[in-house]
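The sequence shown begins at 1 in the working numbering and counts up by one.
Heads up, none of these hints are tricks.
Lysine to any residue pairs mimicking SDA-like chemistry, simulated, CA-CA at most 25 Å apart:
(1) K295 <-> T166
(2) K83 <-> A152
(3) K352 <-> F107
(4) K13 <-> N57
(5) K356 <-> G94
(6) K295 <-> L170
(7) K80 <-> P358
(8) K232 <-> F61
(9) K84 <-> N361
(10) K13 <-> F148
(11) K83 <-> V98
(12) K13 <-> F99
(13) K13 <-> V355
(14) K362 <-> F150
(15) K231 <-> Y294
(16) K362 <-> G81
(17) K231 <-> L16
(18) K13 <-> Q87
(19) K356 <-> R89
(20) K231 <-> N219
(21) K295 <-> I241
(22) K167 <-> L239
(23) K232 <-> V54
(24) K295 <-> N220
(25) K84 <-> K356
(26) K84 <-> V355
(27) K83 <-> I151
(28) K362 <-> G94
Hint data in this document are derived by calculation from the structure and do not stem from the laboratory. All values derive from a computational prediction rather than experimental measurement.
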Amino acid sequence: MQQSRTNYLDHIKVALTILVILHHVCVCYGAPGGWYFRQPTNIEGALIAMTVFVATNQSFFMGFFFLLSAYFTEPSLQRKGTKKFMQDRLIRFGIPLVFYSLLLSPFMSFLVYHHNHPISYLQYLQGYDNWIEFGVLWFVAALLVFTFLFIALRNIKTGDSPLPGTKRILLFAIGLGLISFLVRLVFPVGWVLHPVGFQFGHFPQYIALFIIGIIARRNNWAEQLQHNTAKKFRWIAVLMIIIGFPAMFFLSTTWHSPVANFQGGWNMLSFMYSIWEQVTGVSIIVAMTGIFKYKWNGPSTLLSREAFAIYIFHPLPLVVFSLLLADWNADAALKFLIVAPLGVISAILLGKILVKIPGVNKII
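Could you build all of it, start to finish, from the sequences and the hints given here?
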């Protein structure tokens, strides 16, 4: 496949990276999730909007990252050979994991603690014990595991298969939702495997989409995807978000069910949310792939080189800006409107600087 025909995949990667930044700003200011510093808004409308945004993001964006990573894994392995490929992955993924755990994460945790406890960094480190803390790089750790498993199992034949039609894709999404529901009986959403940060409640999608990425590359599915199919799935996603999501919350209110029921357990809300999440996520992935392919497949390399650096370092400007505004007597929703653009711009600028540093640019 010619590189010029897959520029849109780089554009998708950049879009997903920006979504990750906005996702974490929403979590900082009220949406569900864990973050270094949280200051939830008191405005119900803003809280609802952030929650819908985060839930929609969670339905697809990290799974899409795994799919894209898998899509390019086998060609890279074939080009470099197993030994060189494994060495490159250990360097490209391992060094950022060590750096984040030993330097970046402790420093950001210190900034948050120092906001209300004026002690020195050295004093803080004396009582610090989270030295294995991957933070947002849980994705990198999981990708490293998935990649090595693929190397071990790569000779398994996947067969030749054309791109599935709409019905088969939707059945796949529903099946994935059922598996997610069953997994969440044991590992509800929000349950985290420390210190690596894995949330097993989401891993059925991550594993499935990594496998789909391998199969899609082998069968050239991206080239087979039609614009009309993408637009069809776009409407499915829109309906799931503007009708399906509110309907679930209406039912939860009618049934007087706790919000925690969405996270897992043998209950109807967990079942509906699991199905909603996967149908929405898969629909968005198909829609984005097709629409970007036909609308944004130009040769621009805008931010594609810096995307990994932006992903690794974006928590730092978000933490800094949110702390700078923490004592401002304004609702968190207004702070969100300031931190979101500043965080995106700062993360991009930081990424652009880092990829120009000799040595660093060999890793990220």
